[in-house]
Amino acid sequence: MNVIALDGADNSGKTTQLRLLRRATGDAVRIGESVHHYQPRWPRLSGAELAHWWFTESRSEDLVTLLLDGYRRRLDALGDQPGRVILDRGLATVEASCVASVMLKDDLSARDAEAMVAELRAEVLGAPAPEPYSVLLNLGPAAEGAALSIGRERGADERYARYQHLLHAALETRRSRHATVIDANRSDIVAVQNQLRSQLSQVGLPVRPLLGDVRRVIGLGGLSESGKSSAGEYLRRRFDTTRLKQGYLIELAAARHGLADPYGEEPRLLAELVVDELDRYAHAHYYLLDYTIESLHRPDITRELKRLLGERLSVVYLDAAPQVRARRSLVDPATLAHNDEVKRARGADRIAATCDLLIDNSGPCPDLERALDRLMNGATARPAAASLRVTDPLELAAPTALRHAAATALRGIRAALGERLLLFAVAGSVGFGTADPELSDLDVLLVVETGCTTDLAAELVRLRRELDVKLGVTVLTRHELLMQRCDSRTFSALYSLGQGRIGCQYVSADLELPDFTGSERHQRTIQYLARTLHEIRRPLLGVETSRYRLYKSVLNAAKMLLRLAGVEETDPAAISAQFERTFPARGRARIPDRAEYRELGQDEIAAVASSVLHWFEEYLATARTSTAADVATLTAV
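Under the working numbering, think of the first position of the sequence shown as 1, with each following residue one higher.
Below are the EDC-like pairs computed for lysine to aspartate or glutamate, each with C-alpha atoms no more than 20 Å apart in a straight line:
1. K245 - E233
2. K245 - D340
3. K245 - D300
4. K470 - E438
5. K470 - D436
6. K105 - E49
7. K552 - E569
8. K552 - E568
9. K552 - D436
10. K245 - D349
11. K552 - E596
12. K552 - D571
13. K552 - E580
14. K343 - D319
The hints are simulated quantities; they were obtained by calculation from the structure and are not laboratory data. Since the model is a prediction, treat every value here as computed from it, not as a measurement.
Input sequences plus hints: build the corresponding full structure.
Here it is as structure tokens:
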């Protein structure tokens, strides 16, 4: 028999952690309950009667003997069968409880109480035996931990409070006897569970992490027609979240565990079952990371879900004026009123008082979407100054004129905006180090506070008169950046900035940068490709443009398709060569590099653009209903 002990003071979460573990391990692990379950002489008392017997009626020697003998009987009972056993309270916790009880009952010092318990332990347990591998759920220093234990106990009186302080002090002296200590007061319940599972795996009991594949959960609450479904659908479309209903998860749990009335179960247990079903779903769909759980309708269950998931769960309550909800409703007013009455009886409206985000959804859809964007992007935002690479403009890998132009622009814009300038980053070919001294423009990405347009416009007029290079500027406000409200080209520059592929030349200490994900970049790349094809087509249809702009559009189209194929190139010669290798095609004009471009006239560049555009049109058409013969005509060399 392999024995593992889970130690900790009262209300440290041992029972909950063992319950979560048992659901994951099933019959592979047996749980050794508290020692009194194995002690036939334990009085059949509970509540106040048990406390009175424990602290007043019983003799200290008898109480300690009963507890230690119960511990011995538990080991004997569980040792009859092979397999893993996890004890609810190991020897260290049993001893600490004995010491604290004796100190309180007999007003003994810690030294005298320890001596009494050690003597009785020798009598009851015999010669010292190796202690089981033990994990301590620690609630912090003794005073802090005792306060937490007391605060979590209903009806705690002065005697119980004194006992907890003594218990935590006794446990603290035994800290070194544990193989590992988990700070249970600094993490949510699921995080503590996963730390426990990690420790168990080190002693040959592998258990996969609980919700290991789940990154974030958004719980949506509100009355009928408040917008829960609209919010869930927007989050699905915009952030790839997976929509689940709380009722669906509860139904699954009821069927799995044979619960005739799941809503009659204790809220803590019901919340655990919801998490268990979410874990099963997420494990089967491991490629899904973010979830919404709609229709949170009971504040007690919601509160327990928050204790389990902590910061991983954001509770959002959607509110709307009664007349707005009535206007949205597809049912008659009487039915809507009845639905509201049912939900209020469950306490659905009381979730608003404790939610993480309260949204007034009485307005148009963009108002709701703006609030959800802030929630999703703000949660993953990080200080930009700590994550971005800062490069002096004069040290850019670019021609001298462009480097000096970048330095001049930075000085001028900082002087004009002061602290309202939050980010200055040189993007484009200059930022990537592939600039051409004759062809390249200076492309600058700015993030500013709101209300800067007039002052910035005046400074840009001055700079464009002074600089010998063409200056292109893209401007976002702080909030546009945080909500990622930008076009696909700007998103690409911000993604490269966040990945360290390009640096910035100035960043404010208080600017936050959202998480520009690879999946979102993929979608933005598709949009960017569509835009470049449009830019190629317009001049071919008679819209006037420059020769270089048309050439850049052709390069960008090839660059975007290469990116979708997993290839990153920024130099025109490398883009041209890699495009030919990755997408070989008979009859398609080869994209020239910069040296070759200089030798071509407007009509010749237009011919290249027309050939490349035609190939793209055929490529996209055959991708939907292609045959081997169709593909062969496009890719044959």
